[in-house]
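*Asks:* So you can see what is in the structure, the chains are spelled out below.
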Amino acid sequence: MASLIAGGIDCDVHPAVPHLTSLLPYLNDYWRDQVTTRGMVDLVSQSYPKSSPITARPDWRPESGKPGESLEAMQRHVLDPFQLKHAICNPLYGVQMVFSEDMQAAFCRALNDWLVKEWLDRDSRLRGSIVIPTQSVEKAVAEIEHCAPDRRFVQVLMLVMGDTPLGKRALWPIYEAAERLDLPIGIHAGSAYHNPPTAVGWGSYHIEDYVGQAQAFQAQLTSLIVEGVFAKYPRLKMVMLESGVSWIAPYLWRLHKFWRGVRMETPWVDRAPLELVRSNIRFSLQPFDAPPEPETLIRLFEHMQSDELVLFSTDYPHWQFDDQDALPEGLSPDLVRKIMIDNPYATYPRLT
Amino acid sequence: MNIQFRENQEAASPLTVKTAIADCDIHPARATRTELYPYLAKRWQHHLEIYGVHAYQGMMEGPPYPKAQPNASRRDAYPPEGGPQGSSLAFMQKQLLDPNNVQLGVLNPLNTGQGIRNHELSAALCSAINDWQIDKWTSKDKRLKASIVVGNEDGLSAAAEIRERAGDKNFVQVLLLSRNVEPLGQRRYWPIYQAAEEAGLPVGVHAFGFGGNPITPSGWPSYYIEEMVGHSQCQQSALASLVLEGVFERFPKLKMVMIEAGFGWAPSLAWRLDKAWQRLRSEVPHVKRPPSEYIREQVWWTTQPMEDPERREDLFDVIKWIGWDRLLFATDYPHWDYDEPSRVLPAGVSEANREAFYLGNAKKLYGIN
Chain A
1 MASLIAGGID CDVHPAVPHL TSLLPYLNDY WRDQVTTRGM VDLVSQSYPK SSPITARPDW
61 RPESGKPGES LEAMQRHVLD PFQLKHAICN PLYGVQMVFS EDMQAAFCRA LNDWLVKEWL
121 DRDSRLRGSI VIPTQSVEKA VAEIEHCAPD RRFVQVLMLV MGDTPLGKRA LWPIYEAAER
181 LDLPIGIHAG SAYHNPPTAV GWGSYHIEDY VGQAQAFQAQ LTSLIVEGVF AKYPRLKMVM
241 LESGVSWIAP YLWRLHKFWR GVRMETPWVD RAPLELVRSN IRFSLQPFDA PPEPETLIRL
301 FEHMQSDELV LFSTDYPHWQ FDDQDALPEG LSPDLVRKIM IDNPYATYPR LT
Chain B
1 MNIQFRENQE AASPLTVKTA IADCDIHPAR ATRTELYPYL AKRWQHHLEI YGVHAYQGMM
61 EGPPYPKAQP NASRRDAYPP EGGPQGSSLA FMQKQLLDPN NVQLGVLNPL NTGQGIRNHE
121 LSAALCSAIN DWQIDKWTSK DKRLKASIVV GNEDGLSAAA EIRERAGDKN FVQVLLLSRN
181 VEPLGQRRYW PIYQAAEEAG LPVGVHAFGF GGNPITPSGW PSYYIEEMVG HSQCQQSALA
241 SLVLEGVFER FPKLKMVMIE AGFGWAPSLA WRLDKAWQRL RSEVPHVKRP PSEYIREQVW
301 WTTQPMEDPE RREDLFDVIK WIGWDRLLFA TDYPHWDYDE PSRVLPAGVS EANREAFYLG
361 NAKKLYGIN
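Note that the protein sequences, when read in sequence, are chains A and B. Using the UniProt record's numbering, read the first sequence as starting at 1 and increasing by one per residue. Using the UniProt record's numbering, read the second sequence as starting at 1 and increasing by one per residue.
To be clear, the hints were calculated from the coordinates, so they are not data collected in a lab. There could be a bad hint or two in this list.
[To be verified] Restricting the straight-line Cα-Cα distance to at most 27 Å, the calculated cross-link-like pairs of lysine-lysine (DSSO-like) are:
1. B/Lys94 / B/Lys255
2. B/Lys136 / B/Lys288
3. B/Lys42 / A/Lys50
4. A/Lys232 / B/Lys67
5. A/Lys168 / B/Lys67
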């Protein structure tokens, strides 16, 4: 494996909300009452069943409670041994799954306030993502503006499978606010399950949902590019989190070809998709979904034709690698430095 | 559309034009709206006149995403005698089969009886399309071979249609589309795979179709280009389902062809499946081997539309990872994104790989001497 270097940025770690009741102190009287009198249960997404092998590495799995719910464990498992300068917390608590936009907004507010108090205030290396109630664009923008004055929030977080494709114009006020406030949009694996988790319907298995995340990312990239998000918001960066990376180049070859063929349909896309991705889109390293041979890895990075696309991540506590082997074999020391330090700083203005 | 290579284009053309090729994705069209009626019972003719086909999408006529050109087809492919592109055998011979020295042309009729909510009508239309393929095309030009179109949502009637056509040398594969009511690995479709395996026919899965699901996992997109690019995502999800439901394990002699959805994504999907399977195989104990092995052994890919990297050597890496023995050349005639046979491979590919790519793989897969 390539050697880690100190001072890196881990762009994808997942602090877990122990239970919906953990958010009660952060809810107002009305919502506290709703949660308790209605007997609401914990919001755990099918994207990450608690005991699934993907959800936690065996040696990162606590004896009780949820993987990722302890700051002390996160310090011991990643922050200290990887000698990280910062780690960006992307909570995957299932608040996006509820169908009421009022409830979603209340839970997002509580989740973000919880993240500040229980995590960011307790370890100065941690940075946060603002979870937003995407069903209501107005409330999503309000949430971004509520959190943005705290510069420890470095990005806005959305799921790769939501109610609509992410390029849709109705969502653009979210992107306007994010660009204005120096916040990249992080798009993380996972579904609100408001649509079937594949474009061909509901599969039978958890593994099918997990493998299918990559196809969801591909569809969202197409939507974001052809709707013209980056023509309208050229400074906006988007980061594909837990997306996989081996599909990027062949996907872009296809998109580029069709864009050349039918660009008359979307004339506002004034730059080639390949260029837009190089300037505005980034991808987290884990899960690194390529075979272990270094020669294949070298060709894959060659196919990307850029050393700026990939950002270091452990995806803690998800099980993507063992020991300290977060960096696949075959990466040059220069590329390691780009992935672990230079690329994250270039992507997240609030890290400096 | 064609991959543009920086060098040797002039050298490549004469070399390939002389070579016989297989075209594994040709779309024959009907010249008139009622061309199928002679093959349909009166009941269904009346039904179509009154109610139409009642598809799993809202438009009574035409596709929900308007194409980039009429009928998604080349403007130079209208037959001189009239009718839409692809509807005249004589003109197809003149424009496609003769000048390109097509030795084997596989017909994949679209806009047929598939993706229709009335499953009885679906079966009747598919049977009619299959008779029509023989009468209008394969009986009149021996280079052409038909695909058995089946009512995709009713596995039992589909299997019956396959068994009825089994052994008929006019047909070389069974045809499904990628987008159905459920992912293609689901049990409702297994009778199709069982009948195809028994008949020794590959199952081709062509991009397209409607099954009622939004065509991205995050809802309906806005543009035709999103649907076009998205065919590769739909195909990936369909293939993942086939692997993870255990279709290849259950039907080990079944061969499947991924048609018109690209192939550049294949290695990445296989690696991703393998990695997830290592972690999660206890959930799918019926998947006994790494997913990439089933894909390597039982899946073929048509080439059009070829992915289009800036540097050709990048695509050759991908072909090497898939295997030169698994690609089947296709033009997609008469559609607008046609790949021109003389321009898709540059000089520098070995003679054996070139022959396999253009002809040999297809003849072997489809059992043509």
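*Asks:* Decide, hint by hint, whether the structure agrees.
*Replies:* Here's how the hints hold up against the structure:
| no. | hint | verdict |
| --- | --- | --- |
| 1 | B/Lys94 / B/Lys255 | violated, 32 Å |
| 2 | B/Lys136 / B/Lys288 | violated, 45 Å |
| 3 | B/Lys42 / A/Lys50 | violated, 58 Å |
| 4 | A/Lys232 / B/Lys67 | holds, 26 Å |
| 5 | A/Lys168 / B/Lys67 | holds, 20 Å |
In summary, the numbered hints that this structure violates are 1, 2 and 3.
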